[in-house]
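Protein chains in written order, with full-length UniProt numbering: chain A, 1 to 615; chain B, 1 to 615.
Everything labelled a hint here was simulated from the structure, so no lab data went into it.
Positions of the beta carbon are idealized from the N, C-alpha and C atoms, including for glycine.
Check each hint, because a few of them may be wrong.
Every beta carbon over 10 Å from chain B, so not counted as near; a handful from chain A, in silico [said to hold, decoys possible]:
hint, residue
1, Met1
2, Phe201
3, Ala260
4, Glu276
5, Arg427
Simulated coverage check for chain A against chain B, where a stretch passes if three residues somewhere in it have a Cβ under 8 Å from a Cβ of chain B [claimed, not checked]:
hint, segment
6, 77-86
7, 210-222
8, 330-341
9, 413-426
Capping the alpha-carbon separation at 27 Å, the derived lysine-lysine pairs in DSS-like fashion look like this [to be verified]:
hint, chain 1, residue 1, chain 2, residue 2
10, A, Lys255, B, Lys343
11, B, Lys132, B, Lys2
12, A, Lys343, A, Lys482
13, B, Lys606, B, Lys482
14, A, Lys258, B, Lys132
15, B, Lys343, A, Lys343
16, A, Lys132, A, Lys2
If you want the building blocks of each chain, they are given just below.
There are 2 protein chains.
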Amino acid sequence: MKSRQLVDLGQQLRVDSVRAAAAAGSGHPTSSMSAADLMAVLLAHHLRYDFERPAHPANDRFVLSKGHASPLLYAAYKAAGAINETELMTFRRLGSRLEGHPTPRRLPWVETATGSLGQGLPVGVGIALSGKRLDRVGYRVWVLCGDSELAEGSIWEAAEHAAYEHLDNLTAIVDVNRLGQRGPTRHGHDLDAYARRFQAFGWHTIEVDGHDVDAVDRAYGEALSTVGQPTVILARTLKGKGVEAAQDREGLHGKPLKDADEAIEELGGVHDIRVEVQPPPAARMLHAVRTGHLDLPRYELGDQVATRDAFGQALAALGTARGDIVALDGEVSDSTRSEYFAKEHPDRFFECYIAEQQLVAAAVGLAARGWVPYVSTFAAFLTRAHDFVRMASISGSGINLIGSHAGVAIGQDGPSQMGLEDLAMFRALHDSTVLYPCDANQAAKLVAAMAGCEGIRYLRTSRGASPVVYGPNEEFPIGGSKVLRVTAQDRLTLVAAGATVHEALTAADLLAADGIPVQVIDLYSVKPVDRRTLREAAEHTGCLITVEDHREEGGLGDAVLDAFLDGRPMPRLVRLAVRTMPGSASPAEQMHAAGIDAESIAASAKLLVEHAVVR
Amino acid sequence: MKSRQLVDLGQQLRVDSVRAAAAAGSGHPTSSMSAADLMAVLLAHHLRYDFERPAHPANDRFVLSKGHASPLLYAAYKAAGAINETELMTFRRLGSRLEGHPTPRRLPWVETATGSLGQGLPVGVGIALSGKRLDRVGYRVWVLCGDSELAEGSIWEAAEHAAYEHLDNLTAIVDVNRLGQRGPTRHGHDLDAYARRFQAFGWHTIEVDGHDVDAVDRAYGEALSTVGQPTVILARTLKGKGVEAAQDREGLHGKPLKDADEAIEELGGVHDIRVEVQPPPAARMLHAVRTGHLDLPRYELGDQVATRDAFGQALAALGTARGDIVALDGEVSDSTRSEYFAKEHPDRFFECYIAEQQLVAAAVGLAARGWVPYVSTFAAFLTRAHDFVRMASISGSGINLIGSHAGVAIGQDGPSQMGLEDLAMFRALHDSTVLYPCDANQAAKLVAAMAGCEGIRYLRTSRGASPVVYGPNEEFPIGGSKVLRVTAQDRLTLVAAGATVHEALTAADLLAADGIPVQVIDLYSVKPVDRRTLREAAEHTGCLITVEDHREEGGLGDAVLDAFLDGRPMPRLVRLAVRTMPGSASPAEQMHAAGIDAESIAASAKLLVEHAVVR
């Protein structure tokens, strides 16, 4: 396209953004208008993409990190012929694919859900990593960022990761329109301030007038020809560009323009320029994904093995059987035991250092390219990435997360290192799967099984060794449970998972010796829960005691409730969980202090049997 | 002290670190040994601190961002005479104040709990902000960081914040020992790599040999004389310094030295040098905290007011009544409505831009200095700061968090902007308070009341206007609830909070018209819950339907369970919550699609009354 046509295309993208927001009665036209010329030049001259084949391996990947500028994205889709005028006008309506913030659940051209700022670039780094280290089909990753979101630390985790990995297939485009939601950003139009930061982190930087289409064109060209480092294009722009009443003015964020018709006229009126987007080069994936026999580790009954060890060994085996498995760790692979995978499959292991947001974002990017990521760090530190996991859930991203060092059972290190809120965090995510194995064979089987789930899958592992209680041929379906003790005379049911299963078994022995037989259920699948088994136990014993190495709220005890929430008669319930703020102590002392060891369980059970209530 | 004595003091700190870890059988001596000389010089020459009066307003503040180096901290306490030899040897034992990672719950000299990396510097920025903008007694904030934690984005949020606020009272000391837990860091001993980054963010940087006590001494002096910007001292050190078998070697993180006796001998043996730490200058707080009459806003019954507006107006009024109230926002004060406070009390308002981790960390720092912070952003984006809130809870920090734009009720913006997991996140924190008002008068009262709670307090607000259902003189004790409808014939109880209270009231009307009277409870205090009222309702109606604009797990429905977990007979329960992944739609469409509007509630209630089960 000639410069004049690029300018016209930019104006059309503005007009269509204004129109979509006006039709919806909400949205972010001014944030779209600032980046319209950047988008026009990219779409017309540099992006290589087949909108009819979004799965084409050689397609470039575009991520709208400033997800609120969705009108601009949809206007670009229209210009590329991917959507029509009628659909554009459904923006933000019930049932429309064109949501307020774009998601891949609805649109095949969207790589990842955005709308929580500072996440698009981190995920883009994951996609670029996939391109550079695994896919190797030469696609380029383009990420359009806002300037406000550069305040997010996750941007700098991404900047560090991208430069360290020499991701010259990645270009960040920053729409420096100087205005955030509430008012001016810290650095306004000081492009140098941003350039200094990116340069310090090892990026090639280009400063440009974001409304000069020729300059923008040259900037993209320079980015494409930069070798050995990622490029950031810092573009000086005006929010609301092109409409006098809106341009560079405060107080107009996230609102339709007051007089849309007048604005459209000022922008040159409605047009329908169609862009012939360059197709990607012919390509086939070079990594023909191997799938072979899965030879999981096998542990002998009675052996003492930590579930984190079983995780690491099972993951290494899974990586041998399946070529699409990748692993990422946050500089604690010697603790999480993902090091077993790293040693056997170094080409598919990604060291992400102590940057848990980037750790999860990189996995989301790899998953977007079809890989099956396993992400590991301490359960406690996955809270650092909560917003990223939340957004991954919105994307429908299929990632596996493993949190080690769960609960007070870790011992001396104290509460900062204890995962005590992780079950609550992962259970509350839409369509998530939450698993908590108690022994090594169970852990190994679940590590393999979780790969087949939809959405976010979480597996919780323990630091300390525990006895193997299941044989290596036992099966553990997701959504199932295991009844470890049952007699016709059971007075109540102990429901445990992970570390507390062993305590519950010992408690059952203590109680049996006192003439109080109890049922024991291993609820390794915390979500979904095994409703049928819980209901049978409720009918059989009338009373359930849940025991968990987790805070009272949102964990195992609450999960049991899921079996009874259709209005049917409820069993009586007692929930044993960590109610105190732990300090340093040995694992056994911690379990006792928290009231979740065998002795505490037995005491509660006796109270319940003898007095009908516990407290 | 002379150089020779400083060197000896450094060796003593190493020896005591080795001894404490050896006695405990766990801990991080090698990470302590690298920073021992940095600590020795700081303690002997630059820190101004009265260990007998930790609350002294002019005390310098020291934060151990690399919290695992706790043996070094405790060795320094011993050298300063704050703890004795016997206590040092209780390190990591049950009941000891000397936890694996330091917390202010146990030790009066600790400003904030550390152990989750990348948090000490952000909190230190908050303390320095307090010193610069509010306290103005000239204290200095010293933060000892590890090099591994510089990969955390939160460090760069803090770097940005500190430089922008010209915090020349803040000095970060980075112990660049080149080794993380698993192996080498990205940048090893390349001090320049770190210096470039900090310079780009606006810091004064000093590179130094961290084992040259004279050079370190000069570096501290240079930091003290630097005006207008924060200083970072980048110190080249060796992990395990001083013990040949450990020095600069991989694989020795977080473990006692193999031969402690030999190591102690190599380090010069056990000594008991006592440091006379400089006292702080005489000072009194210049901000005599005003406490006046609280004139909360009053809303008329039937008016349409958003609870976020009531929050903003109440906070402004609270700020007028109390001089110790401060507010912080993440660049969305026009949406959260903290802008009302900002306009009336600009001196006590802190704009933190889009950096939610730093937003919460700054509040923790301000709270450490005695201020009462109110932190606001979208409920969804508080998930970004989950790990910071978790650590604040471990600190016992008294901070108020307000999450706006809760639930699907926000409408068109879509799921990325909807707080749907916030109740689960905040309920699962130890000793937290979780509030969810449904009208403006209730919101205003709770905003004031939450300041008086212990620990983490969370208040959830709504975007849209809703009718005022309580008079301005109504009281809302924390831990209470309101029975809004009750008759002797009630067939079941609807339990709602916030947005769903209004739906429940409408549903009750619909059901009454169909001859099905129901009770309605407004459970505005989600944690702690009003056990008595819930139990009475259970006895009265036998059946509870909970309705919440939140995911099924961890929210209001699970909270109700808290009233019945002592083994007593349970009511039948039905939980209505958001089970779908929302898209864009109007608020009313969203509530209906999620099955939590009046119509859906009434339909569930009828099913339950007519068929005894719902699903």
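Tested hints:
Distance check for A/Met1 against chain B: the nearest CB is about 32 Å away, which clears 10 Å, and the non-interface claim stands. A beta-carbon of chain B is positioned within 10 Å of the beta-carbon of A/Phe201; the least distance is around 6 Å. Every beta carbon of chain B lies more than 10 Å from that of A/Ala260, the smallest distance being close to 17 Å; the non-interface claim holds. No beta-carbon of chain B is positioned within 10 Å of the beta-carbon of A/Glu276; the least distance is around 30 Å.
With a least beta-carbon separation of about 4 Å from chain B, A/Arg427 fails to lie farther than 10 Å from that chain, contradicting its non-interface assignment. Taking a C-beta to C-beta cut-off of 8 Å, the segment 77-86 of chain A contributes 0 residues in contact with chain B, too few for the three needed, and the coverage statement is violated. With 0 residues having a Cβ less than 8 Å from any Cβ of chain B, the segment 210-222 of chain A misses the three-residue criterion, and the hint is violated. Three residues within the 8 Å Cβ limit are the bar, and the segment 330-341 of chain A against chain B gives 6, so the coverage statement holds.
Here the segment 413-426 of chain A counts 9 residues with a CB under 8 Å from a CB of chain B, which clears the bar of 3, and the coverage holds. With a C-alpha separation of about 23 Å, the suggested pairing of A/Lys255 with B/Lys343 holds against the 27 Å cut-off. Between B/Lys132 and B/Lys2 the CA atoms are separated by roughly 32 Å; this puts the pair beyond 27 Å, and the hint is violated. Restraint check for A/Lys343 and A/Lys482: the C-alpha separation of about 34 Å exceeds 27 Å, so the hint is violated.
Of the pairs offered as hints, the one joining B/Lys606 and B/Lys482 holds, with about 23 Å between alpha carbons and a cut-off of 27 Å not exceeded. Proposed proximity of A/Lys258 and B/Lys132 is contradicted: the alpha carbons are some 42 Å apart, above 27 Å. Taking the CA atoms of B/Lys343 and A/Lys343, the gap is near 58 Å; set against the 27 Å cutoff, the hint is violated. For the hint pairing A/Lys132 with A/Lys2, the CA-to-CA distance comes to about 32 Å; that exceeds 27 Å, so the pair is violated.
The structure is inconsistent with the numbered hints 2, 5, 6, 7, 11, 12, 14, 15 and 16, although it conforms to all the rest.
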